[in-house]
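Colleague: In the numbering used here, the protein residues as written are 106 to 198.
These aren't lab readings, by the way, just hints derived from the structure by calculation.
Among the clues, some could well be false.
[What the hints assert, rightly or not] Restricting the straight-line Cα-Cα distance to at most 27 Å, the calculated cross-link-like pairs of lysine-lysine (DSSO-like) are: (1) 163 <-> 190; (2) 142 <-> 117; (3) 190 <-> 117; (4) 117 <-> 131; (5) 162 <-> 184.
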Amino acid sequence: MDDSIRRAEVYKQYFEDPIYREPWEKVREALMDAFPKTAAGDTATRERIYLMLGLLKKVDEFVGRTIASGEIDKRALDKLALDRKQGFLGLGN
Numbered sequence: 106m107d108d109s110i111r112r113a114e115v116y117k118q119y120f121e122d123p124i125y126r127e128p129w130e131k132v133r134e135a136l137m138d139a140f141p142k143t144a145a146g147d148t149a150t151r152e153r154i155y156l157m158l159g160l161l162k163k164v165d166e167f168v169g170r171t172i173a174s175g176e177i178d179k180r181a182l183d184k185l186a187l188d189r190k191q192g193f194l195g196l197g198n
């Protein structure tokens, strides 16, 4: 089977198969569950959770693109690292 066809099939499976989606959803659910349990005035923790949710989505998309291309997009990886750094600066991490 042609590598590009195989990659396309795995890419589709990655985004549609519950086995692949479940871990991402479990982490997302855990973060969403933690948010309302924070103290009303604990804006730092709430912001951290919000940023983690955004980063989770970006990492998931990055993994999908890497599956599709077979390569790590250096610019996308650098942007992901920068987003993480900017998102967590000053929040104790």
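Colleague: Taking 27 Å as the top limit, are the C-alpha atoms of residue 117 and residue 131 close enough?
Modeller: holds (20 Å)
Colleague: Taking only the CA atoms, is the gap from residue 142 to residue 117 under or equal to 27 Å?
Modeller: violated (35 Å)
Colleague: Check the hint pairing residue 162 with residue 184 against an upper bound of 27 Å on the C-alpha distance.
Modeller: holds (14 Å)
Colleague: Between residue 163 and residue 190, is the straight-line Cα distance small enough, at 27 Å or below?
Modeller: The hint holds at about 14 Å.
Colleague: For the pair we were handed, residue 190 and residue 117, check the Cα-Cα distance against 27 Å.
Modeller: Measuring from Cα to Cα gives roughly 30 Å; hence the hint is violated.
Violated hints for the displayed structure, listed by number in ascending order: 2, 3.
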